[in-house]
Amino acid sequence: GGRALDCMIWPVARSAADLLTAGELDALRECRGTACGWLFLDTSRNRSRVWCDMRVCGNRAKAKRHHERVRAGAA
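Positions 74 to 148 (my numbering) are the ones given, in order, by the sequence shown.
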């Protein structure tokens, strides 16, 4: 029961500690996806990444902008 959950939390805690002590906090970003809030390391070449995952939040944002453009053009 509880021991299995303890085993799962240690890798997460270790990763968090590594991040906080590695000096890469300037690359830490919060996803701009609607109601997402996930944190990620922006390792892109020009540090311009804005979504946690292009296939999820990025795709939703692009689809929303496209829908708004189409709707605005029809009005």
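Keep in mind the hints are simulated off the structure, nothing from the lab.
This structure is a prediction, so every number in the text was calculated from the model and none was measured.
Virtual Cβ for every residue (Gly too), placed ideally from N, Cα, C.
It is possible that some hints are incorrect.
[Unchecked claim] What follows is a list of derived Cβ distance ranges for each label pair:
#1 Leu-98 / Arg-118: 42 to 50 Å
#2 Arg-142 / Ala-77: 24 to 32 Å
#3 Asp-79 / Arg-144: 49 to 57 Å
#4 Arg-118 / Trp-83: 46 to 54 Å
#5 Lys-137 / Leu-92: 29 to 37 Å
#6 Arg-144 / Trp-111: 25 to 33 Å
#7 Thr-107 / Ala-145: 30 to 38 Å
#8 Gly-146 / Met-81: 25 to 33 Å
#9 Ala-95 / Gly-146: 21 to 29 Å
#10 Val-85 / Arg-144: 36 to 44 Å
#11 Val-85 / Arg-133: 22 to 30 Å
#12 Asp-115 / Lys-135: 40 to 48 Å
Hint check:
1. Leu-98 / Arg-118: 42 to 50 Å: 19 Å, violated
2. Arg-142 / Ala-77: 24 to 32 Å: Roughly 49 Å apart at Cβ, these two residues miss the hinted range, so it is violated.
3. Asp-79 / Arg-144: 49 to 57 Å: 50 Å, holds
4. Arg-118 / Trp-83: 46 to 54 Å: 33 Å, violated
5. Lys-137 / Leu-92: 29 to 37 Å: 31 Å, holds
6. Arg-144 / Trp-111: 25 to 33 Å: Given range 25 to 33 Å: holds, Cβ gap about 28 Å.
7. Thr-107 / Ala-145: 30 to 38 Å: Given about 19 Å between the Cβ atoms, the range is violated.
8. Gly-146 / Met-81: 25 to 33 Å: Taking Cβ atoms as reference, Gly-146 and Met-81 lie about 49 Å apart, which means the hint is violated.
9. Ala-95 / Gly-146: 21 to 29 Å: This hint is violated: roughly 47 Å between Cβ atoms.
10. Val-85 / Arg-144: 36 to 44 Å: 42 Å, holds
11. Val-85 / Arg-133: 22 to 30 Å: 26 Å, holds
12. Asp-115 / Lys-135: 40 to 48 Å: 18 Å, violated
Violated hints for the displayed structure, listed by number in ascending order: 1, 2, 4, 7, 8, 9, 12.
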